[in-house]
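Input sequences plus hints: build the corresponding full structure.
Protein chains: 2
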Amino acid sequence: MVLHLLKQDQEVVKRFADDIRTAREDIQECSTCFNLSDDEVCSICADSRRDGQVICVVEGIRDILAIEETHQYRGLYHVLGGVISPIDGIGPENLHIQELLERLDRDEVKEVIMAISPTIEGETTIYYLSKLLQSTGVRISTIARGVSFGGELEYADEVTLGRSILARVPYSVSED
Amino acid sequence: MVLHLLKQDQEVVKRFADDIRTAREDIQECSTCFNLSDDEVCSICADSRRDGQVICVVEGIRDILAIEETHQYRGLYHVLGGVISPIDGIGPENLHIQELLERLDRDEVKEVIMAISPTIEGETTIYYLSKLLQSTGVRISTIARGVSFGGELEYADEVTLGRSILARVPYSVSED
Numbered sequence: 000m001v002l003h004l005l006k007q008d009q010e011v012v013k014r015f016a017d018d019i020r021t022a023r024e025d026i027q028e029c030s031t032c033f034n035l036s037d038d039e040v041c042s043i044c045a046d047s048r049r050d051g052q053v054i055c056v057v058e059g060i061r062d063i064l065a066i067e068e069t070h071q072y073r074g075l076y077h078v079l080g081g082v083i084s085p086i087d088g089i090g091p092e093n094l095h096i097q098e099l100l101e102r103l104d105r106d107e108v109k110e111v112i113m114a115i116s117p118t119i120e121g122e123t124t125i126y127y128l129s130k131l132l133q134s135t136g137v138r139i140s141t142i143a144r145g146v147s148f149g150g151e152l153e154y155a156d157e158v159t160l161g162r163s164i165l166a167r168v169p170y171s172v173s174e175d
Numbered sequence: 000m001v002l003h004l005l006k007q008d009q010e011v012v013k014r015f016a017d018d019i020r021t022a023r024e025d026i027q028e029c030s031t032c033f034n035l036s037d038d039e040v041c042s043i044c045a046d047s048r049r050d051g052q053v054i055c056v057v058e059g060i061r062d063i064l065a066i067e068e069t070h071q072y073r074g075l076y077h078v079l080g081g082v083i084s085p086i087d088g089i090g091p092e093n094l095h096i097q098e099l100l101e102r103l104d105r106d107e108v109k110e111v112i113m114a115i116s117p118t119i120e121g122e123t124t125i126y127y128l129s130k131l132l133q134s135t136g137v138r139i140s141t142i143a144r145g146v147s148f149g150g151e152l153e154y155a156d157e158v159t160l161g162r163s164i165l166a167r168v169p170y171s172v173s174e175d
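So the protein lines, in turn, are chains A and B. Numbering of the first sequence is given in numbering that gives the first Met the number 0, commencing with residue 0 and proceeding in unit increments. Numbering of the second sequence is given in numbering that gives the first Met the number 0, commencing with residue 0 and proceeding in unit increments.
None of these hints come from the bench; they were simulated from the model.
In silico SDA-like pairs for lysine to any residue, Cα to Cα no more than 20 Å straight-line:
#1 B:Lys109 x A:Pro169
#2 A:Lys109 x A:Arg138
#3 A:Lys130 x A:His95
#4 B:Lys130 x A:Tyr170
Put into structure tokens, the structure is as follows:
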């Protein structure tokens, strides 16, 4: 990258450097959901067409990008900033949990979707959060876990396959 | 393998060849579930400790091996011998569907689990079978589909992530 920059016109490089500095200065965390944002409130939180009654709780900003790419979700988000992991010294107090409780208190939220990785730390975090939210009466759900769509059954890992059988779901033929 | 065999004692190779022939001659399809079997009825169908009220429908024998390895399933199986795939010339009449209907007619079966790969052909087969079974009143379920257990959310493919959000499941904190 350095060699490439040295080959460019001085003026171009100066402008590029300015852009980087401005970007770093301007980009902040959304005060509501902790997504990256140009303004105090991010473009998702500010979008009135989105469903404010549903909050999707994610570990990080990358998860928002991944979920947005699917075009299947029209609610809001809340970035925890990680998962509970005692081995890494991350406790509930290091995550944006208090802020989530405040949002539930303040806004009319009907459902919280835990879109958290189904790892041990992730499951612990889901459990902890759900216990906390239990008294609020909000509906709590997790994203579906199981064999990947489009995947071949025999190549699924043993844990996923085993749990997918235990967590099997009723199938109903849709009307036609 | 040939070079290895040539290095062995003649008597060893003869015995090995006999074993292969016997194996091929002795192994047959289970007359009930079409699993591989030494006898007319396979060891799973013959095992009285297994739950005969649940039948897990799979594409092939490999799926039985994969599911058995998880140690999470205690019911019986039914091998279809493939999935419906017009492009490969495989229609319902090429699969062991009639035999499944006969089993449901004959035995007291309460649930049929569709443990079929969530591919397009697999979904088509699940739909076709479920329509057929609808009138029998048997409970129909599919294995859970979604983000792999232990997997990181951001690495899930777009289709799986999108559908996992749509097919999200209620989460309840277990009593403790």
